[in-house]
Amino acid sequence: MDELRGIRLAAAIGATDRGTLWRASREREHDRIVRVIAPRFCDGRFRQALSTLRQRGHDRVLGVAGEGWSDGHYYVEYSVHAAWRSLAEWLGTPADWWERLAVLGDVCDAVAHWQRSPLHPLGMTLHSVVVVGHAGEARPWLVPCPPMAVTSPCDLFGVDAAVVATLAPETIRGVPFDDRAQDAYALGTLAAQVLGCRPARLAADDDEHQLEAQARGVLLRSTATGSHIPEYLHTTPEVERLFIAIRHYRHLKPDVRPRDAAELRTAIAAVTEPLWLAGALRAADPAAALRVLTRAVDRAPERLDLRRERCLVAEDVIERSEGPVADGVEERLLRDLKVVADFDAEDGASWHRRAALVHLRRGDPAGAATAFHAATIADPGDLDSLLGYAQCWVELRDPGNAWLTAVEANRRVDRMARNHLLTDWEADQWRARFAMYMR
Numbered sequence: 001m002d003e004l005r006g007i008r009l010a011a012a013i014g015a016t017d018r019g020t021l022w023r024a025s026r027e028r029e030h031d032r033i034v035r036v037i038a039p040r041f042c043d044g045r046f047r048q049a050l051s052t053l054r055q056r057g058h059d060r061v062l063g064v065a066g067e068g069w070s071d072g073h074y075y076v077e078y079s080v081h082a083a084w085r086s087l088a089e090w091l092g093t094p095a096d097w098w099e100r101l102a103v104l105g106d107v108c109d110a111v112a113h114w115q116r117s118p119l120h121p122l123g124m125t126l127h128s129v130v131v132v133g134h135a136g137e138a139r140p141w142l143v144p145c146p147p148m149a150v151t152s153p154c155d156l157f158g159v160d161a162a163v164v165a166t167l168a169p170e171t172i173r174g175v176p177f178d179d180r181a182q183d184a185y186a187l188g189t190l191a192a193q194v195l196g197c198r199p200a201r202l203a204a205d206d207d208e209h210q211l212e213a214q215a216r217g218v219l220l221r222s223t224a225t226g227s228h229i230p231e232y233l234h235t236t237p238e239v240e241r242l243f244i245a246i247r248h249y250r251h252l253k254p255d256v257r258p259r260d261a262a263e264l265r266t267a268i269a270a271v272t273e274p275l276w277l278a279g280a281l282r283a284a285d286p287a288a289a290l291r292v293l294t295r296a297v298d299r300a301p302e303r304l305d306l307r308r309e310r311c312l313v314a315e316d317v318i319e320r321s322e323g324p325v326a327d328g329v330e331e332r333l334l335r336d337l338k339v340v341a342d343f344d345a346e347d348g349a350s351w352h353r354r355a356a357l358v359h360l361r362r363g364d365p366a367g368a369a370t371a372f373h374a375a376t377i378a379d380p381g382d383l384d385s386l387l388g389y390a391q392c393w394v395e396l397r398d399p400g401n402a403w404l405t406a407v408e409a410n411r412r413v414d415r416m417a418r419n420h421l422l423t424d425w426e427a428d429q430w431r432a433r434f435a436m437y438m439r
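Letter 186 of the sequence shown, counting from 1, is numbered 186 in this note's numbering, and no numbers are missing.
Any given hint might turn out to be false.
[Said to hold, decoys possible] Computed spacing ranges between beta-carbons, pair by pair: (1) Asp255 - Leu275: 34 to 40 angstroms; (2) Arg247 - Ala10: 24 to 30 angstroms; (3) Thr223 - Asp344: 24 to 30 angstroms; (4) Asp255 - Tyr232: 47 to 53 angstroms; (5) Arg198 - Ala269: 22 to 28 angstroms; (6) Arg173 - Asp43: 33 to 39 angstroms; (7) Asp178 - Asp109: 29 to 35 angstroms; (8) Arg241 - Asp96: 19 to 25 angstroms; (9) Met438 - Ala284: 47 to 53 angstroms; (10) Ala269 - Asp344: 57 to 63 angstroms.
Bear in mind the hints are in silico, worked out from the structure with no lab data behind them. The beta carbon of each residue, even a glycine, is placed where N, CA and C say it ideally should be.
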């Protein structure tokens, strides 16, 4: 196409049932999305609906910045004021499956906002949902467009197969039930696509066969088998409920489908809940479990339960590693251990002691001595930490402080024995252990 009144087209995002979306620029690089529509779909009803949409702003819906004719096509211009990618482009970047699913959870949250707009049905596809913002702050927005009058399945020729899969079967057959039923089908399909569910194998990979398969609702499979979710999680109740919900939204009977996004949102929340997910991944893939918890702590640094679990998983990763561990694992573990120890009034000593062991593994007896000392402050009866503290002074070539530590340890052993916190035999055992530091 020719340039559109000062808009520079960059690359096609994809062909949808509501025109082809393009990445474009006006004032700065990629600050526009342009929808190009064949003129036969731009009747008076469509343009009136577009005018209504343009006049009314809606939460999480891109604003229509302009419209008009160019090169025999009708175009709609949308402004985007931050970095963005279409959902399809976002899925093409390296990401863990649970991160992708979490974005779909954000889409579910946005559906209620979108359905308050005059746009019915919404027309949610991998191309018309865009993720706006930078990592950690990105949110899904809808690129809105009124539905076009499709008089024949032939009007859908050329539409991307991933988009065809989001169209409710009754729409392909020309007997749409209602807008909410179509939205539900599209939402369930997006969930399946985000999880990597595979399309069916067709006799021929052409428009006619794709539309015929979608009219029967079989263009895309919606089962855990073949998805991005590891097979060992397929039989967990959380994952089973997720796929039950997806199939509910994609039910062939429109009146069976949910009327809102709540059921799918709840199922997604259960699978992406970080403590459950890390626990489910930990045995088979502790590194993945650690990634889950690290991102969760980044979002909610005040949650001690996440930090405690991350400590346990990080220790698993370190224990299983052969050679140096990944950058930052030990540093994050030490920070977590300190934070948890500071807030754990009942068992702070054990967290300090674990930090000392990490320092020793790194060949840092000075750091270990500091942690062992903190453990003895938190729990004066922690003789194991006193023993470790004495050994650190030996490794630091300071036998004088090792001797002083052993003297203090013997005082504590005597006091604990008098208070019946140690038996005479246990007290003798501890004295023998510290004797080597008093020579």
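To see whether the hints hold, each was checked on the structure:
no.: 1; hint: Asp255 - Leu275: 34 to 40 angstroms; verdict: holds (37 angstroms)
no.: 2; hint: Arg247 - Ala10: 24 to 30 angstroms; verdict: violated (38 angstroms)
no.: 3; hint: Thr223 - Asp344: 24 to 30 angstroms; verdict: violated (44 angstroms)
no.: 4; hint: Asp255 - Tyr232: 47 to 53 angstroms; verdict: violated (36 angstroms)
no.: 5; hint: Arg198 - Ala269: 22 to 28 angstroms; verdict: holds (25 angstroms)
no.: 6; hint: Arg173 - Asp43: 33 to 39 angstroms; verdict: violated (22 angstroms)
no.: 7; hint: Asp178 - Asp109: 29 to 35 angstroms; verdict: violated (22 angstroms)
no.: 8; hint: Arg241 - Asp96: 19 to 25 angstroms; verdict: holds (20 angstroms)
no.: 9; hint: Met438 - Ala284: 47 to 53 angstroms; verdict: holds (49 angstroms)
no.: 10; hint: Ala269 - Asp344: 57 to 63 angstroms; verdict: violated (28 angstroms)
Hints 2, 3, 4, 6, 7 and 10, counting from the list given before, are not met by this structure.
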